[in-house]
Amino acid sequence: MSGGESVPGLEEALAAGLTEAEYGEIRKRLGRTPNVNELAMLSAMWSEHCSYKSSKRILAGFPTEGPQVLQGPGENAGAVAIGRGLAAVFKVESHNHPTFIEPYQGAATGVGGILRDVFTMGARPVALMNALRFGPLDIPKNRALLSGAVAGIANYGNSMGIPTVGGEVAFETCHSLNPLVNAFALGVAPVDRIFLARADHPGDTVFCVGAKTGRDGIHGASMASAEFDEAAEAKLPTVQVGDPFLEKLLMEACLELMRGDALAGVQDMGAAGLTCSSAEMASRGGAGILMDLDRVPQRETGMAAWELLLSESQERMLLVVRVGREREVERVFERWDLDAAAVGRITGDGLLRVRHGGGEVGAVPCRLLTDEAPVYERPRAAPESFPEPEVRAGELGEPADWNRAVLRLVGSPGLASRRHIYEQYDHMVRSDTIARPGGDAGVVRIKGTPLGLAMTLDGNGRYSLRDPRRGGALAVSEACRNLAAVGATPVGATNCLNFGNPEKPEVMWQLAESVRGMTEALGAFGVPITGGNVSLYNETDGEGIFPTPVVGVVGVLDDVSTLVRQHFVEEGDLVFLLGPDADDALGASEYLKVFHGRTDGRPPAPGLDAELRLHAALRSLAAAGISRSAKDLSEGGLAQAAVESLFAPDGSCIGASLALGDSVPATTALFGEASARALVSVRPARADALAAVAERHRVPARRVGRVGGESLRIRVNGDEAVGLSLDRVADSFLHGLARAARA
Amino acid sequence: MSSSFGAQVLVRLRPSIYDPQGEAIRRSLASAGVEGIESVRQGKLIELEVRADSAEEAEARVREIAARVLANPVLEDHVVEVGPDSVAS
Amino acid sequence: MARRRFAIPVFPGTNCEEDVLHALRAVAGQEAELVWHQERSLAGFDAAVIPGGFAHGDYLRAGALARFSPVMEPLAAMAESGRLVVGICNGFQILQEAGLLPGAMQRNRSLAYVCRDVWVRTEETGSPFTAALTPGETIRLPVGHAEGNFHLPDRDLERLEAAGQVIFRYSEPDGSLTEAANPNGSRHHIAGVRNRRGNVAALMPHPDRAWEPALGGTGGLRLFESLVRWSES
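Protein chains in written order, with the numbering used here: chain A, 1 to 743; chain B, 744 to 832; chain C, 833 to 1065.
The following block holds chain A by itself, in its conformation from the complex (with noise of 0.2 Å):
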């Protein structure tokens, strides 16, 4: 072997960030010692962020399987039949320390890496989402990371000309010194068009595409790992900044050359680059690759074997050319003017060999960089404080003034409208957005079906913290009623898990009990796991963050016309509360965070059942043409809901007057968070059809109200409790967010 570089020891080893055992077992298995490319190779392969060696043995408890699921967990996204011979094919992702270091070109490389994912299995990205978290609003760096992800977001997906319909984003004190950042990503694809990510055939030609390769986010896989400290200032070089521009040009040509037959494998370049894409590639087809690092296109001169092999510069691709087809490849990238380089084969010895400088400058086999790196059985404990107790609205003291209190909360950061934020994102574009951001749901119509879908991203960090498998079961409890509300079924979800240091007792609990309580629920549901990422290490200086597994779900309405938005529509409409009683609790509630600066507490109990029977009545409701509107609730409670189903997307608005029963307390009754809850507005006429309906789903109905006037009026327990303005509500609805954001 040359390459004339010194041989690293253990030392080097651990500043790659192995450990000491990982290190004497990768001795073990090469029986030698690896140079400083293998060393880095495999540093980098063995992280958290690529091996996922913490959280594999939690993660294989999702349910993955279901007869739409073309494509489960483990290639570039999942893929789901939706009818009419197509595939929904989607992921969600994060991008959290990229963020935090620069949030523009943090959380908008981490939209570029989502679309690379989905397109790289041929489906044509079709709408985008994106799961937010920052620190409170009222610490100028907290807003100025939000103002920069969010502009950082937008351009890409606006320059890429993929709608953003939808979302979330929240806002907790945790979060100052780790924001998160959570990119979704759906695309379509004919079924029988799908490519994966594999390399099996000897003798095929491996390209790299798309951008040229530069120092750019060296180490970040490694980076991504490790816990914040003020280290984290002598690594701001590693950050990529993406080209949006670029990427459009890569995504028309990648999905040009995959309508022919001349790709055997295509992989996004991401993490760990050239090293992480081709191991996995080749490891999944049981083959090996003999890459030539002095063909990949540079955009700096003497980079090292090592940083070639490691480097993160965006917009890049590896292809898989089927011997013989590479001219065809080159045409298609030439056309759209992107650089276009063979840089290795495919070959049938299962290692990863690197030839550098005109020799070999490393190889490993290609199954220990990926299928056999390390997994750990990390040690777990739950919390002393755990299980937390109840809130009750009797201990708290009722708001002296009910309309202030409906003011302050609906103004509050957590839930004012979203407006701010999404009207910097491009959501129309593609002219299929049928139901536009600020609703239970985005959706997207296929043109010349008359399919839609629709797709929501959920998930409370508050709820999770205080009990993990509760807050779990609630994510996609909440996702799934989201997607019920506007009508549609769901056919799949995905996932991202933002956790701390996994290396700590309490974290791994907080981990296992997520994905028991999400499992638990996609169980319920019938709706299976097709991908997602876990994101660990959220801490710095030791301060971790509120476990957020972050649930995104897609439906499937079989037919657009009966999509139901959250808006009620006209004057005279009845007002009916769908769901069982909600118990007097205000655990984990937003009203325990907004009035008493209180994040503990029991969050609801999920009730599975309840749930399912609900999702089956909100659909037939829609399918039936009998709901008009259709909000479910969640947090905030009623009155929350209650506000946002007074303002239409296109800017009118029409008042409720609403009268709730006496069974619990009136701050339960107003912000009481309880699960498995929606408010329905029917025209009179069909208030018997939606009462039959619900009988027939065992859902219990009231009516509660009725649609119009000027303003918000809302009984409680025979008292008149809010009675509110139009006007007031929206000033503190509408433009709570942008004032806090922009002060």
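Do not rely on the hints blindly, as some may be mistaken.
Stated by the list, open to error - Below, a list of computed lysine-lysine pairs in the DSS-like style, where the Cα atoms sit at most 30 Å apart:
| # | chain 1 | residue 1 | chain 2 | residue 2 |
| --- | --- | --- | --- | --- |
| 1 | A | Lys504 | A | Lys28 |
| 2 | A | Lys56 | A | Lys593 |
| 3 | A | Lys593 | A | Lys141 |
| 4 | A | Lys28 | A | Lys53 |
| 5 | B | Lys787 | A | Lys212 |
| 6 | A | Lys53 | B | Lys787 |
Said to hold, decoys possible - A few chain C residues that don't get close to chain B, going by computed Cβ distances all over 10 Å:
| # | residue |
| --- | --- |
| 7 | His854 |
| 8 | Gly889 |
| 9 | Pro967 |
| 10 | Arg991 |
| 11 | Ala1013 |
| 12 | Glu1044 |
Unchecked claim - Computed Cβ-Cβ distance ranges for the label pairs, DEER-style:
| # | chain 1 | residue 1 | chain 2 | residue 2 | range |
| --- | --- | --- | --- | --- | --- |
| 13 | A | Arg27 | C | Arg939 | 53 to 59 Å |
| 14 | C | Arg939 | A | Ser663 | 53 to 59 Å |
| 15 | C | Ser942 | A | Gly661 | 30 to 36 Å |
Since the hints were derived computationally from the structure, they do not count as laboratory data.
Just so it is clear, CB atoms sit at the ideal spot from N, CA and C, and this is done for glycine as well.
Mind docking chains B and C on chain A? Use the hints.
Coordinates of chains B and C only, in the frame set by chain A:
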């Protein structure tokens, strides 16, 4: 007596950072038939008028805000130039 | 009347070409084809609609690099010959950079991209986008841009106004011109203009995103009707 000093801060992407705008301009020039342009990098020129007692003080202040505010050290380098005092008062 | 054949120039980075194609074919009932920016001829086309997007990434300035594309030459000739050439959003910026329409776009007053519905008031009916409208008619259309803040120096702006070249202004639904109705800070609330001759026009809002109720509005239909009527006259 304080004077007003003209200052210029040139903010550029650090050499190793990819510059998509510069690269797109280079390619467009090439496709428009302009020959011999090997590389294009795009930066920003920020002009300030600074009131200070001396050129040294003005320069120190501009250097401080350039490093802290005008340039993003994650991505950018900067160069500060302070001219002779223009307006005395 | 025979159907007209529309060219839709596509630059690298253009992203609304499919929306315009669909609107022209399925909604307006015209013939339309996408034309790659490297084409040097628009022979066989009666008219052109430059769609929105980020031509050449909008790098340097929005629309600036597109003017070097080969297709701009036959496009300019088409405009010169009096045939219909219109732009939507980025197409507006490209026509400005190419010198076919007056003005330049600055960044939005908010410094942010803005995507939402706005109302525009029809100012005159001598352009391809307004031929089927009535003066003063207001229409709801979506906008989606970061640089739509129309600028022209005072004297040029006066000339533009005097010549009646402003076709749309951002307004309230009742036609009144308020600050709140202006999404980007455009001078004189200008949302769309035409050339003196009247055959070249553009606007920042997207009629190609508003042609059926499911999309949240049908305001764009009236503009496509106008394109058809103008091209037939």
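Status of the hints after comparison with the structure:
Between lysine 504 (chain A) and lysine 28 (chain A), the direct Cα distance comes to roughly 28 Å. Compliance with the 30 Å bound is thereby established for this hinted pair. Between lysine 56 (chain A) and lysine 593 (chain A), the direct Cα distance comes to roughly 34 Å. Violation of the 30 Å bound is thereby established for this hinted pair. Of the supplied pair hints, the one linking lysine 593 (chain A) and lysine 141 (chain A) holds, its CA atoms being roughly 21 Å apart against a limit of 30 Å. In summary, the hint linking lysine 28 (chain A) to lysine 53 (chain A) is supported, as the alpha carbons are separated by about 19 Å, within the 30 Å threshold.
As the CA atoms of lysine 787 (chain B) and lysine 212 (chain A) are separated by approximately 24 Å, the hinted pair is consistent with the 30 Å bound. For a cut-off of 30 Å, the pair hint linking lysine 53 (chain A) to lysine 787 (chain B) is broken: about 45 Å separates their Cα positions. In this structure histidine 854 (chain C) is separated from chain B by more than 10 Å, as the shortest Cβ-Cβ distance comes to about 28 Å. Distance to chain B contradicts glycine 889 (chain C) as a non-interface residue, since its nearest Cβ pair spans about 5 Å, not more than 10 Å.
Taking the minimum C-beta to C-beta distance to chain B, about 41 Å, the non-interface status of proline 967 (chain C) holds against the 10 Å cut. With a least beta-carbon separation of about 31 Å from chain B, arginine 991 (chain C) lies farther than 10 Å from that chain, consistent with its non-interface assignment. Annotated as non-interface, alanine 1013 (chain C) keeps its C-beta farther than 10 Å from every C-beta of chain B; the closest such distance is 32 Å. Non-interface status of glutamate 1044 (chain C) relative to chain B is upheld: no Cβ of that chain comes within 10 Å, the nearest being about 35 Å off.
Restraint check, arginine 27 (chain A) to arginine 939 (chain C): a C-beta distance of roughly 57 Å satisfies the suggested window 53 to 59 Å. Distance hint check: the CB atoms of arginine 939 (chain C) and serine 663 (chain A) are about 54 Å apart, consistent with the given range 53 to 59 Å. Remark: the range hint 30 to 36 Å for serine 942 (chain C) to glycine 661 (chain A) is contradicted by a beta-carbon distance near 45 Å.
Hint check: violations occur at hints 2, 6, 8 and 15; the rest are consistent with the structure.
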